[in-house]
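Enquirer: Spelled out, the chains give:
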Amino acid sequence: MTQSPRNHSSLSTSFIARVGLLSALALIFSYVEAIIPYSPAVPGIKLGIANVVTVIALYKFGSKDAVCVSVIRIVIAGLLFNGLFGMLYSLAGATLSLAGMIGLKYTDKFSVVGVSMAAGVLHNLGQLLVASALIEDLRIFIYFPVLLFSGIAAGILVGVAAALILRSLIL
Amino acid sequence: MKQLIRKADVILFIVLIAVGLAASAVLSVHSGSSTDAKVVIKSGGRVYARYPLSEDAELEIPAPGSAGSSASSETDECTHYLNYNVVSIKDGRVSVSKASCKNQVCVRHGSISMPGETIVCLPNRLVVSIEGDEGGGYDSITS
Numbered sequence: 002m003t004q005s006p007r008n009h010s011s012l013s014t015s016f017i018a019r020v021g022l023l024s025a026l027a028l029i030f031s032y033v034e035a036i037i038p039y040s041p042a043v044p045g046i047k048l049g050i051a052n053v054v055t056v057i058a059l060y061k062f063g064s065k066d067a068v069c070v071s072v073i074r075i076v077i078a079g080l081l082f083n084g085l086f087g088m089l090y091s092l093a094g095a096t097l098s099l100a101g102m103i104g105l106k107y108t109d110k111f112s113v114v115g116v117s118m119a120a121g122v123l124h125n126l127g128q129l130l131v132a133s134a135l136i137e138d139l140r141i142f143i144y145f146p147v148l149l150f151s152g153i154a155a156g157i158l159v160g161v162a163a164a165l166i167l168r169s170l171i172l
Numbered sequence: 163m164k165q166l167i168r169k170a171d172v173i174l175f176i177v178l179i180a181v182g183l184a185a186s187a188v189l190s191v192h193s194g195s196s197t198d199a200k201v202v203i204k205s206g207g208r209v210y211a212r213y214p215l216s217e218d219a220e221l222e223i224p225a226p227g228s229a230g231s232s233a234s235s236e237t238d239e240c241t242h243y244l245n246y247n248v249v250s251i252k253d254g255r256v257s258v259s260k261a262s263c264k265n266q267v268c269v270r271h272g273s274i275s276m277p278g279e280t281i282v283c284l285p286n287r288l289v290v291s292i293e294g295d296e297g298g299g300y301d302s303i304t305s
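Protein sequence lines, in the order shown, are assigned to chains D and A. Convert by adding 1 to the 1-based position in the first sequence; the result is the number in the working numbering. Convert by adding 162 to the 1-based position in the second sequence; the result is the number in the working numbering.
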């Protein structure tokens, strides 16, 4: 994520500080989630509490912040505790879900909860696509319905949390 | 942004649920018809036969070296061979229902149904295993 000095005009000090803070916050959520012992029936089902930070960054500060926070969080969490494959899955999921979130927010028809719900589904879809590419077997898509429903549930929970925080956040 | 949930959210929610239900319906129909798991029976180290797991069958497997008549292997009473095992496939589960051996470990093993599972009868040098596609269990990549 090193930026060349040429486009320093787009990287204000407050932006760097803000993204750094939000990334650290998101990273703590990732850590909390990583140490909770649980074994889902299907690998990949996760609450994704760290995405509360991503959603807040998107709504409070814009898409650039959200993308930066998300990518920084995933790379560092991957190096620290999720492992390389976890990082790969998460990056694919994050790419899709960020694109979806930014797109849906742009239409201005959806609430935070709806955008987050779509993001949850898209995140799981991205993971599934990477998994099917890695295993080279499309039969892994038998997990699709389970991951879809869990994505909806996780997305709604994250969205409600983010909406409530956004409502009471004074910035 | 005041409302927690808006109309478009509900529509999206319904659409997603519908997609999920449709996908699971399609997949359950699809996977129900194509259970191409095979029961592999090895006798004396060589593959003796392969049978589809989905078809019920009762098979008499002679132990290697035991004399006996030829391929009439679907009889109820196992008197053709000196040493034998009867492998039965029923409702997608495989078990050894009879065995000529002393310890009867293979009979007491119970039934197997998942790819990768095996029943072994050492005295008769018989290995019954289920061979299937990766869909049955978890793989090593997911951590």
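Hints listed in this document are in silico derivations from the structure and should not be mistaken for laboratory results. Quick reminder that beta carbons are idealized off the backbone N, C-alpha and C, glycines included. Hints may be right or wrong, so weigh each one.
As the list claims (entries may be wrong) - Calculated cross-link-like contacts (lysine-lysine; reagent style DSBU-like; alpha-carbon spacing at most 35 Å):
| no. | chain 1 | residue 1 | chain 2 | residue 2 |
| --- | --- | --- | --- | --- |
| 1 | A | Lys169 | D | Lys110 |
| 2 | A | Lys169 | A | Lys204 |
| 3 | D | Lys110 | D | Lys61 |
| 4 | A | Lys200 | A | Lys260 |
| 5 | A | Lys169 | A | Lys264 |
| 6 | A | Lys252 | A | Lys200 |
| 7 | A | Lys169 | A | Lys252 |
| 8 | D | Lys61 | A | Lys204 |
| 9 | D | Lys106 | D | Lys61 |
| 10 | A | Lys252 | D | Lys106 |
| 11 | D | Lys65 | A | Lys169 |
| 12 | A | Lys252 | A | Lys264 |
What the hints assert, rightly or not - Across the chosen pairs, the derived CB separations fall in these ranges:
| no. | chain 1 | residue 1 | chain 2 | residue 2 | range |
| --- | --- | --- | --- | --- | --- |
| 13 | D | Ala35 | A | Lys252 | 14 to 20 Å |
| 14 | A | Ile173 | D | Arg168 | 19 to 25 Å |
| 15 | D | Ala35 | A | Val181 | 28 to 34 Å |
Unchecked claim - Residues on chain A that point at chain D, a partial pick, calculated with CB under 10 Å:
| no. | residue |
| --- | --- |
| 16 | Gln165 |
| 17 | Ile167 |
| 18 | Lys169 |
| 19 | Val289 |
| 20 | Ser291 |
| 21 | Glu293 |
Enquirer: Hints first: check each against the structure and report whether it holds.
Expert: Right, here's what the structure says about each hint:
1. Distance hint between Lys169 (chain A) and Lys110 (chain D) is fulfilled; the C-alpha atoms sit about 8 Å from each other, no more than 35 Å.
2. With a CA separation close to 62 Å, the supplied pair Lys169 (chain A) and Lys204 (chain A) exceeds the 35 Å bound.
3. Of the supplied pair hints, the one linking Lys110 (chain D) and Lys61 (chain D) holds, its CA atoms being roughly 17 Å apart against a limit of 35 Å.
4. Between Lys200 (chain A) and Lys260 (chain A) the CA atoms are separated by roughly 21 Å; this keeps the pair inside 35 Å, and the hint holds.
5. For the suggested pair Lys169 (chain A) and Lys264 (chain A), the alpha carbons sit about 71 Å apart, so the restraint of at most 35 Å is broken.
6. This hinted pair checks out: Lys252 (chain A) and Lys200 (chain A) have alpha carbons roughly 13 Å apart, not beyond 35 Å.
7. At roughly 51 Å between alpha-carbon atoms, Lys169 (chain A) and Lys252 (chain A) are farther apart than 35 Å, so this suggested pair is violated.
8. Our distance criterion of 35 Å between C-alpha atoms is broken by Lys61 (chain D) and Lys204 (chain A), whose separation comes to about 65 Å.
9. Restraint check: the Cα-Cα separation between Lys106 (chain D) and Lys61 (chain D) comes to about 12 Å, which is no more than 35 Å; the hinted pair holds.
10. For the hint pairing Lys252 (chain A) with Lys106 (chain D), the CA-to-CA distance comes to about 54 Å; that exceeds 35 Å, so the pair is violated.
11. Distance hint between Lys65 (chain D) and Lys169 (chain A) is fulfilled; the C-alpha atoms sit about 27 Å from each other, no more than 35 Å.
12. With a C-alpha separation of about 25 Å, the suggested pair Lys252 (chain A) and Lys264 (chain A) falls inside the 35 Å cut-off, and the hint holds.
13. Our hint of 14 to 20 Å for Ala35 (chain D) and Lys252 (chain A) is violated, since their Cβ atoms are close to 44 Å apart.
14. Taking the beta carbon of each, Ile173 (chain A) and Arg168 (chain D) are about 23 Å apart, inside 19 to 25 Å as hinted.
15. Separation of Ala35 (chain D) from Val181 (chain A) is about 30 Å and conforms to the stated range, judged on CB atoms against 28 to 34 Å.
16. The beta carbon of Gln165 (chain A) comes within 6 Å of a beta carbon in chain D, closer than 10 Å, and the hint placing it at the interface holds.
17. Annotation: Ile167 (chain A) was flagged as interfacial toward chain D, and the flag holds, the nearest CB pair being 5 Å apart, inside 10 Å.
18. Here the hint on Lys169 (chain A) is kept, as its CB sits about 8 Å from the closest CB of chain D, short of 10 Å.
19. The interface hint given for Val289 (chain A) is violated, since its Cβ lies 26 Å from the closest Cβ of chain D, which is over the 10 Å cut-off.
20. Nearest Cβ of chain D to the Cβ of Ser291 (chain A): about 21 Å, over the 10 Å cut. The hint is violated.
21. A distance limit of 10 Å between C-beta atoms decides the matter here; for Glu293 (chain A) the minimum to chain D is near 16 Å, and the interface restraint is violated.
Going down the numbered hints, you'll see the structure goes against 2, 5, 7, 8, 10, 13, 19, 20 and 21, while the others check out.
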